[in-house]
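Visitor: Let the sequences and hints guide you as you build the complete structure.
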Amino acid sequence: MKSNILLLLLFLVTFAICQEDDTGDETSASDISSAIASETSSAIASETSSAIDSESTATSTAIDGESSAVPTATSTISSDATSQPTSIETGLPTVNKTVNPTVCQNLQQLYKSLNGNTWIVRTGWDSTDMSTCCSWYNVHCNSIGQVLKLDLSNNNISGSVPATIDKLASLRSINLDVNQLSGGLPAGLSTLVNLTNIHLKNNSFTGTIPDTWANMKSLQSLYLSNNNLTGTFPTVVTQMTSLQSLYLDNNALNGFLPSNLGGASGLVQLNIKNNHLLGNIPASVGNMTNLQSLVMSHQMLNGSIPEEIYSLLKLEVLDLSNNRLTGNLSPKLGQLVNVKKLNLGHNAITGPIPSQIDQLTKLESLNLNYNALNGQFPSSMAPPALGYCYMTPNQFQSCPDQSIINNPQSLAFQCSVDCVVKTNKKKNSAVSNQVNSLVPALMTMIAAVGLLM
Numbered sequence: 001m002k003s004n005i006l007l008l009l010l011f012l013v014t015f016a017i018c019q020e021d022d023t024g025d026e027t028s029a030s031d032i033s034s035a036i037a038s039e040t041s042s043a044i045a046s047e048t049s050s051a052i053d054s055e056s057t058a059t060s061t062a063i064d065g066e067s068s069a070v071p072t073a074t075s076t077i078s079s080d081a082t083s084q085p086t087s088i089e090t091g092l093p094t095v096n097k098t099v100n101p102t103v104c105q106n107l108q109q110l111y112k113s114l115n116g117n118t119w120i121v122r123t124g125w126d127s128t129d130m131s132t133c134c135s136w137y138n139v140h141c142n143s144i145g146q147v148l149k150l151d152l153s154n155n156n157i158s159g160s161v162p163a164t165i166d167k168l169a170s171l172r173s174i175n176l177d178v179n180q181l182s183g184g185l186p187a188g189l190s191t192l193v194n195l196t197n198i199h200l201k202n203n204s205f206t207g208t209i210p211d212t213w214a215n216m217k218s219l220q221s222l223y224l225s226n227n228n229l230t231g232t233f234p235t236v237v238t239q240m241t242s243l244q245s246l247y248l249d250n251n252a253l254n255g256f257l258p259s260n261l262g263g264a265s266g267l268v269q270l271n272i273k274n275n276h277l278l279g280n281i282p283a284s285v286g287n288m289t290n291l292q293s294l295v296m297s298h299q300m301l302n303g304s305i306p307e308e309i310y311s312l313l314k315l316e317v318l319d320l321s322n323n324r325l326t327g328n329l330s331p332k333l334g335q336l337v338n339v340k341k342l343n344l345g346h347n348a349i350t351g352p353i354p355s356q357i358d359q360l361t362k363l364e365s366l367n368l369n370y371n372a373l374n375g376q377f378p379s380s381m382a383p384p385a386l387g388y389c390y391m392t393p394n395q396f397q398s399c400p401d402q403s404i405i406n407n408p409q410s411l412a413f414q415c416s417v418d419c420v421v422k423t424n425k426k427k428n429s430a431v432s433n434q435v436n437s438l439v440p441a442l443m444t445m446i447a448a449v450g451l452l453m
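Numbering-wise (UniProt numbering), the sequence shown opens with residue 1 and increments by one.
For the record, the hints were derived by calculation from the structure and aren't laboratory data. Fair warning: this is a prediction, and the values are worked out from it, not measured in the lab. One thing to keep in mind: the hints can contain errors.
Said to hold, decoys possible - Pairs of lysine-lysine, DSSO-like flavour, derived with a Cα cap of 27 Å:
| # | residue 1 | residue 2 |
| --- | --- | --- |
| 1 | K362 | K341 |
| 2 | K149 | K217 |
| 3 | K340 | K314 |
| 4 | K149 | K112 |
| 5 | K273 | K167 |
| 6 | K167 | K112 |
| 7 | K149 | K167 |
| 8 | K314 | K341 |
| 9 | K217 | K167 |
| 10 | K273 | K217 |
| 11 | K332 | K362 |
| 12 | K314 | K217 |
| 13 | K273 | K340 |
| 14 | K273 | K362 |
| 15 | K273 | K314 |
| 16 | K273 | K332 |
| 17 | K314 | K362 |
| 18 | K314 | K332 |
| 19 | K362 | K340 |
As the list claims (entries may be wrong) - Cβ pair distances, simulated, as ranges:
| # | residue 1 | residue 2 | range |
| --- | --- | --- | --- |
| 20 | N302 | N260 | 14 to 22 Å |
| 21 | A385 | T196 | 30 to 38 Å |
| 22 | K362 | I144 | 41 to 49 Å |
| 23 | T206 | T118 | 17 to 25 Å |
| 24 | N338 | I144 | 39 to 47 Å |
| 25 | S416 | N338 | 55 to 63 Å |
| 26 | D166 | A252 | 24 to 32 Å |
| 27 | D166 | M130 | 27 to 35 Å |
| 28 | T206 | S135 | 31 to 39 Å |
| 29 | A163 | N328 | 27 to 35 Å |
| 30 | S355 | S242 | 22 to 30 Å |
| 31 | N260 | P331 | 22 to 30 Å |
| 32 | N100 | R324 | 53 to 61 Å |
From the three backbone atoms N, C-alpha and C, an ideal C-beta is built for every residue, glycine too.
Guide: This is the structure we're talking about:
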């Protein structure tokens with residue numbers, strides 16, 4: 001490329017000199033320079049364009065056209081400029097916010113009602129400036145000063161939540177977990193139509209979930225674990241159409257599960273363990289087709305496991321342990337192909353373990369202990385991820401062949417299965433044989449003692 005340019009320059013100089021000799025016109029050095037520069041630029045541009053086109057074609061061929069997707073500097077700047085969101089669009093806080101003083105006053109009322117002077121962290125909450133509350137400890141606002149989130153968890157907060165909390169109209173999330181809050185659940189929360197998350201676990205709330213909470217159509221997660229809630233199972237949750245996570249475990253709920261429990265069809269996680277609920281598991285639970293975790297352990301639930309529960313194909317955790325469930329395990333158990341944890345221990349389930357259990361290839365934990373399972377223990381191999389299996393005591397009449405039991409990959413080996421009835425029969429038979437063999441010797445000894453006397 002350089003040699004071509006040099007040749008072109010030489011040609012142009014020669015041409016200019018010839019022109020001067022032939023015509024006798026005076027051509028200034030600057031004109032010649034301009035002509036040379038112009039022609040040179042054109043030549044260079046042409047050569048460069050050809051080279052770039054050639055290289056681009058080669059590169060494009062080598063990487064399957066990826067070079068065409070590389071943006072120019074201009075397009076990149078333009079794209080960044082137009083796609084960059086403003087603080088209002090993202091809802092992120094800015095340094096200077098205009099906060100409605102009434103909002104700050106309502107927050108300070110909350111502070112005073114909940115014994116704010118005993119909080120572990122209370123930065124800003126005792127301020128007298130009612131325009132700065134978006135900078136108070138764990139108050140999250142958007143760019144226009146609306147309070148969107150309160151996170152005062154694990155902060156040594158006590159007392160009852162005041163009714164004035166319903167003045168925080170823009171609130172979307174409230175977290176008061178792990179405190180010493182008491183009294184009833186605040187009914188006023190039902191007026192906060194933007195609420196998506198309520199976290200009130202590990203407190204001392206009493207009573208029931210207010211009926212008015214049924215109005216919270218945007219609520220997605222409700223955590224009320226480890227409180228002192230009483231009464232029957234709150235049917236209002238079936239009207240919370242956006243609810244995905246419901247945790248009511250470790251309370252004192254009683255009575256029967258509602259027949260329309262499946263009305264909460266959007267639930268992904270349901271945990272109601274360790275209450276005082278009784279009766280059958282309603283068949284409508286089969287309508288909760290989005291469930292990934294269903295925990296109903298440590299209750300007084302009875303009857304058989306409803307067939308509908310085996311249609312919950314997204315289930316990863318199924319824990320019905322420590323109840324009074326009876327009946328057999330259905331072959332449909334094999335449909336729960338996504339289950340990782342299966343705990344049906346401490347019930348009164350009978351019959352054999354269905355062979356379809358070998359379809360649960362994702363199992364990590366299997367617990368069927370303290371039931372009355374019987375029959376032949378499956379000879380299937382254990383799921384690859386199985387790390388925990390507990391099967392005793394049960395009443396299996398027979399085990400697989402010894403070669404299977406001794407195979408570390410088998411379910412029998414992983415679960416350390418013991419065929420109780422069969423083993424006891426062998427032991428009893430052996431003892432009986434030993435006793436029978438000693439009878440003649442004992443009779444001889446008794447006769448000898450009699451002669452001596």
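Visitor: Of the hints given before, which are not true for this structure?
Guide: Those not satisfied are hints 5, 25, 27, 29, 30.
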